[in-house]
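Participant: Residue-level listing of the chains:
Protein chains: 2
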Amino acid sequence: MINVAILGFGVVGCGVAEVLKINSDSIAQRAGQEIKVKWILDIRDFPDSPYSDLLTKNAEDVFNDRSVDIVVETIGGAKVAAEFTRRALMSGKSVVTSNKELVASQGPELLQLAKDNGVSYLFEASVGGGIPIIRPLNQCLAANEIDGITGILNGTTNYIFTKMRREGKSFEAALKGAQQNGYAEQNPTADVEGHDTCRKIAILSSIAYNEFVDSDSIYTEGITKITTEDMKYAEAMNGVIKLIAVSKRINGRIFARVSPAVISKEHPLANVEDVFNAIVVKGNAIGDAMFYGRGAGKMPTASAVVADIIDIAKHPGSSMMSVWVRKDKNNIIDIEDSLAKFLVRVQVADISEAKGKIASVFNQETEFIELGSKTNELAFITPFAAEKELNGSINRIKEMNSITAISNIIRIEEE
Amino acid sequence: MINVAILGFGVVGCGVAEVLKINSDSIAQRAGQEIKVKWILDIRDFPDSPYSDLLTKNAEDVFNDRSVDIVVETIGGAKVAAEFTRRALMSGKSVVTSNKELVASQGPELLQLAKDNGVSYLFEASVGGGIPIIRPLNQCLAANEIDGITGILNGTTNYIFTKMRREGKSFEAALKGAQQNGYAEQNPTADVEGHDTCRKIAILSSIAYNEFVDSDSIYTEGITKITTEDMKYAEAMNGVIKLIAVSKRINGRIFARVSPAVISKEHPLANVEDVFNAIVVKGNAIGDAMFYGRGAGKMPTASAVVADIIDIAKHPGSSMMSVWVRKDKNNIIDIEDSLAKFLVRVQVADISEAKGKIASVFNQETEFIELGSKTNELAFITPFAAEKELNGSINRIKEMNSITAISNIIRIEEE
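Protein sequences, first through last, are from chains V and W. The numbering of the first sequence is full-length UniProt numbering, which starts it at 1 and goes up by one. The numbering of the second sequence is full-length UniProt numbering, which starts it at 1 and goes up by one.
To be clear, the hints were calculated from the coordinates, so they are not data collected in a lab. Quick caveat: nothing in here was measured; it's all calculated off a predicted structure. For each residue, glycine too, the CB sits at the ideal point set by N, CA and C. Be aware that a few hints might be false.
[To be verified] Here are the simulated DSBU-like pairs of lysine-lysine, each with C-alpha atoms no more than 35 Å apart in a straight line:
id	chain 1	residue 1	chain 2	residue 2
1	W	Lys176	V	Lys79
2	W	Lys265	W	Lys232
3	W	Lys265	V	Lys341
[As the list claims (entries may be wrong)] One-sided excerpt, in silico: chain V residues whose CB lies under 7 Å from chain W:
id	residue
4	Met231
5	Ala289
6	Gly293
7	Ala307
[Claimed, not checked] Quick list of simulated restraints, FRET-style, between CB atoms:
id	chain 1	residue 1	chain 2	residue 2	range
8	V	Arg253	W	Ala270	34 to 44 Å
9	W	Ser67	V	Glu266	45 to 55 Å
10	W	Gln33	V	Glu229	55 to 65 Å
11	V	Asn251	W	Asp147	38 to 48 Å
12	W	Glu266	V	Leu371	23 to 33 Å
13	W	Asp147	V	Asp45	33 to 43 Å
14	V	Lys225	W	Gly10	51 to 61 Å
15	V	Ala173	W	Asp216	52 to 62 Å
16	W	Asn284	V	Glu60	29 to 39 Å
The task is simple: from the sequences and hints, build the whole structure.
Facilitator: So, in structure tokens, the structure goes:
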């Protein structure tokens, strides 16, 4: 029998207890032994909880109990959670978590600590909610060199974009709707500014490239500046705008970015709508593989946590994840040096004059998009070039008399 | 160091040697040790092969070599492959294969033999080519009771349907094109009659429900009767026709079926085109998760074989798959008792008269589909009911004077 202690009885912690209960028979069969919740640690009172006999407010109950094999950390944040994770690992208990903030910031040290103590630190639930992605990257695609990852990793922003595109709602109205439906927090900053997505692509990249990719080094742009106007131009290109996380290995160096981007409707990610998430992994043997499902929610996330618990039960005493090496920050390619293609929407005095001027800047064929309904606006697609060059060209365009304003600049992701 | 012997140096066997070579560094890092090909067994000569020093025609070289830890069986078929697999397992060597025929027919016995000898019998490559699906079902979704699986599991038929729908080609012309492009065998029976798909859904179901689902007990219908005419009616329903494998657990019993089916364009499988495969898994905690990628091909399939090799290298001496129990065949729900909904295309003398007659048979609202271009043809959608009832109703319709012929009957899959 395996004894589990759940630290933090919020949505995910509660879901973990529930999944372990409702699927206990099949879980025991797959794990080869019964899995029992021994303690639930939370400072709050839950007088009506069916788990009241397992609840404690005293962390020592958990850490002093040598029969506890696995600690589930669903506290969140990087303070108390970090302290408890360290204590658990150092006392020879494996730790399973959904805490992306902690994994993204202290992953290398915590993985090393797990290894040093002959236990595991697993975090399938930290990315993509219930979607199996960490284990597939780590095991199923182990035969591949991973060349790149492209994903829609945040359900809140994908829901907002879906509502904006389908129902013509403004960003503000779509955000409000998401908050009312419980798909967005009252303080939505981490989601809409891309920080949540950034942590997730940092974790996926660290596994894929087997070195720590620091989330602080990843260029991150949120979705607040995208309008339904921009979406109409994407539609005219036969594309959609999504908050896209991308990372690539280029000549031994790594590039990662989070930003809104236009993707073709033929792209496998284009049909990922509402709160769904999906991740496309490019391997040198497998080609493209995609993983799709609900990126959040109590039961999907709990299902990922419990899969980690079962894995530890099946392979006790082995440290299943490689330790991430912290390398020089120079190993990350700067956004200015990365290659991109932009969709630029501009306000103009005269369309045909503006087209001539813009075309002259790029010295090659520039594709223009005009919506019939607009007489003082157009959009153009830049060549594929280093961002610093493109920014230089756009600055030149900005200074032209025939261009009254640059309304938006959005990346186009073609891979 | 782990020594591997490859039995059968065809497309997949050759790919395995290649993947182990080109990605040797990262594979060694992930496996925790070097993985070396010690022998390649094939009765053919390969004088120009870079692996000529590893080639042997004598199986005893492999079986007498106690340093061989893992045997890769890429011979195919269920005769020699079965004999070699048994010998390997009995001599304490793990076996990895892409051979769906053997797994689908003798899986229970071979898994038991592996368990008895403390080794593994793994077959990630037998379903979905490079798509990680066996391991996710077995490990990542282990916290879930699996309620159902829906998939596009055969690249050849999916390619043919894609060409028929997009280019208006007939089945015969599309098949010929697939053969010319190397996407279909010269004898395409196993693909176009659905046998290949049937074996794959049998394997997935056996893992998902933890009991052996015999491919012989699965109702299987191929794609040869589907015409571009049928596709136009599917289009009018905002759907597409795909060769769909489905299996469900219903009140402890299992239902599985392979047949062409209309699915809505909103269904996650609708955009799976060309030779791509995808599998939707329904778990009671995770909800729907989808796995997508290239379902065949040398390198994707080899990548799945090598992932199994790495897994064995990391967990030596453990038997990683549960043994499938052979249960009473009564545990499989008969197709006649299963619930379905049909799209029925009929030739008629007079459209409005025929509509009245057809509606009278079902005693409830029947949805009709008419293509403006057809004056003696229409299609209707039956209610959702047991297939034997629907067949009874369709037989009554067939006998009516106003119906000159039943052109096709195609299932509609809504889940």
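Participant: If a hint holds in the structure, say so; if it doesn't, say that too.
Facilitator: How the hints compare with the structure:
1. W/Lys176 with V/Lys79: 63 Å, violated
2. W/Lys265 with W/Lys232: Distance of about 13 Å is within 35 Å: holds.
3. W/Lys265 with V/Lys341: Holds, at about 30 Å.
4. Met231: With a closest approach of 20 Å, the methionine 231 of chain V hint is violated.
5. Ala289: Result: holds, 4 Å to nearest chain W Cβ.
6. Gly293: With a minimum Cβ separation of about 4 Å from chain W (threshold 7 Å), the hint on glycine 293 of chain V holds.
7. Ala307: 5 Å, holds
8. V/Arg253 with W/Ala270: 34 to 44 Å: 38 Å, holds
9. W/Ser67 with V/Glu266: 45 to 55 Å: 49 Å, holds
10. W/Gln33 with V/Glu229: 55 to 65 Å: Distance hint for glutamine 33 of chain W, glutamate 229 of chain V holds at roughly 57 Å.
11. V/Asn251 with W/Asp147: 38 to 48 Å: 46 Å, holds
12. W/Glu266 with V/Leu371: 23 to 33 Å: 27 Å, holds
13. W/Asp147 with V/Asp45: 33 to 43 Å: 36 Å, holds
14. V/Lys225 with W/Gly10: 51 to 61 Å: 54 Å, holds
15. V/Ala173 with W/Asp216: 52 to 62 Å: 56 Å, holds
16. W/Asn284 with V/Glu60: 29 to 39 Å: Since asparagine 284 of chain W and glutamate 60 of chain V have Cβ atoms about 36 Å apart, the given range 29 to 39 Å holds.
In summary, the structure is inconsistent with hints 1, 4 from the numbered list given earlier, while agreeing with the others.
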